[in-house]
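Colleague: In case you want the letters, here they are:
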Amino acid sequence: MSKPVIEVNNLYYRYPRSNDYVLKDINFSVEKGQFLAITGENGAGKTTLSLILSGIIPQAKGGKMHGNVIVCGLDTQKEDLAVLSQKIGIVLEDPETQLFTTKVFNEVAFGAENLGLPREEIIKRAKWALKVVRLEGYEERHPTMLSGGQKQRVAIASALTMRPDIMVLDEPTSQLDPIGTIEVFEVVKELKQKYGMTIIMVTHKSEEIAAFADNVLVINQGELLTFGTPKEVFSNKEVIKKAWITIPQVSSLYLDLLDKGLQLEEFPILPEEGVRLVKQKIS
Amino acid sequence: MTNIIRIQNLIYTYPNGFTALKGINIDIKKNDFVGIIGQNGAGKSTLLKNITGLLKPTSGDVIVGGLNTKHTSVARLSTKLGFVLQNPDRQLFADTVYNEVSFGPKNLKLTEQEINERVEYALGYTGLSSVRDKFPPALSAGERAKVVIASVIAMKPEIIILDEPTTGQDNRGCYQIMNIAKEFHKAGHTVIMVTHHMALVAEYACRTIVFCKGEVLLDGSTEEVFSQPEILKKSYILPPQITQMGSELSTVLNRKKTYLTVSDLSKDIFTRYQG
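So the protein sequences, as listed, match chains Z and G.
Heads up, the first sequence stops at 283 in the working numbering, and the numbers go up one at a time, no gaps.
Heads up, the second sequence stops at 275 in the working numbering, and the numbers go up one at a time, no gaps.
Honestly, the hints are just simulated from the structure, not real lab data.
Only a predicted model underlies this, so the values are computations on that prediction, with no experimental measurement involved.
Ideal placement from N, C-alpha and C gives every residue a C-beta, glycine not left out.
No false leads were mixed into what you were given.
Subject to a maximum C-alpha distance of 30 Å in a straight line, what follows is the list of computed DSS-like cross-link-like pairs (lysine-lysine):
1. G:LYS257 x Z:LYS260
2. Z:LYS242 x G:LYS134
3. Z:LYS241 x G:LYS267
4. Z:LYS131 x G:LYS233
5. G:LYS267 x Z:LYS231
6. G:LYS49 x G:LYS186
7. G:LYS233 x Z:LYS231
8. Z:LYS237 x G:LYS267
9. G:LYS234 x Z:LYS192
10. G:LYS267 x Z:LYS279
11. G:LYS49 x Z:LYS103
12. Z:LYS241 x G:LYS182
13. Z:LYS242 x G:LYS182
14. Z:LYS103 x G:LYS234
15. G:LYS213 x Z:LYS189
16. Z:LYS103 x G:LYS213
17. Z:LYS281 x G:LYS256
18. G:LYS257 x Z:LYS279
19. Z:LYS260 x G:LYS256
20. G:LYS134 x Z:LYS61
Stretch-level coverage of chain Z by chain G, calculated; a stretch enters the list once three of its residues show a Cβ under 8 Å from a Cβ in chain G:
21. 177-185
22. 240-246
23. 250-258
Please put together the full structure from these sequences, using the hints given.
Modeller: Dropping the structure here:
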């Protein structure tokens, strides 16, 4: 096993002027090149956790944090945010909070410019990032004039040009059409496979988690409820109920058939598995 | 049945010259539950703004409950239809849930008793009675969305329009919102919902309209629409997972049917298994 790129140990956190810990006793680690999905109810602490991983909490937001979070060997509570941001890129849930320039191209190039890269390299990276997120031809458009989904993709492209080791995405597909959603997941897969990037994604989309993520972390009321492969998590009835997780439709089909008295050979999380298992039973 | 909404040759061009709607014709009957889907930027939100009168057609007409939006104020239209925006936080401004929900009725110049009755009704409808004195921003995303829906219900509209109601909602919030919409529909009202959540469209909408680049690509029963995956692809839409599985299993099930829900497919698999 390779050394983890993210290590979270005994993490507790509460916001300034609040007595309640929004995260309690969180422990987990992520290896390089893994795709970890974080899921759970709204208000469970998912976004807070993403901001902690990137060092924005507590450095820019204050609050009280115990335990430690080590990213690429750097302590996120102590390391300079400018240094951390080259290791770990973050795409926020509401892209509008992140967009500020007057042209899509400038927006996407901004991060790379700040790395002090040569001009050609900046242009190359920005073009690549726009291609990856399917926004070629939008270079001259004003970011605020784009649709919600397009803005989300601009924000992703902006983070991509930094070529960070780790990318944290907070619900990056919540406003995207179905194929746009899959494309973002395909992009993430490519980043993982081609560039060995580690991906942390907050998402409710279980069907995509099933198809793309290596592991799933479920947070419930600030606590880590479970950490496992998508199959382990989605087949855990107790966890699903407690954290109100939507499971893939193919998994629901399994449970529905089970209720009727028909048990498929295994618990499917992918549609092709489901089709195969059903065919086994009825052909 | 009467058409509660008539959209005729609707063209809408934004001030920057971008034509978002290129000649739309849609009639919506009273008590229909319509899902509107399509890729990002297809014109769905522009259409909703034209229906609610927030935007006026560049050409063509939009007639809501007999009123032409061109000649009708948004205030007048808001007694016919309620609009729930994509992001509830853009719509909330009062200090308590009660005040938020009572704002609309107060503006209708109703008596205090009538206002009170309407707010109580709306809070009960959405299950918010227990949080009436809370500060809206302190509520969960699901509850905030319900506050917006309650504000809309308090206006007693005939039509409710939901723009991406489940964005940012978890599973629980999602189904709570959809159940309110379902009740509203059952009570004989009309629901129009724009969403990217295909499983919800499949489960709740009777009719589905697919937009693509400012035009109507498909318009029909939800079943008909989801039975055409190749056309849907043009607008970046995929049918729900269960529909896709159903079509792959059609040979072994010996049924050519468009499955919209898990229980639909499950039933047929079980029947085939038994015999």
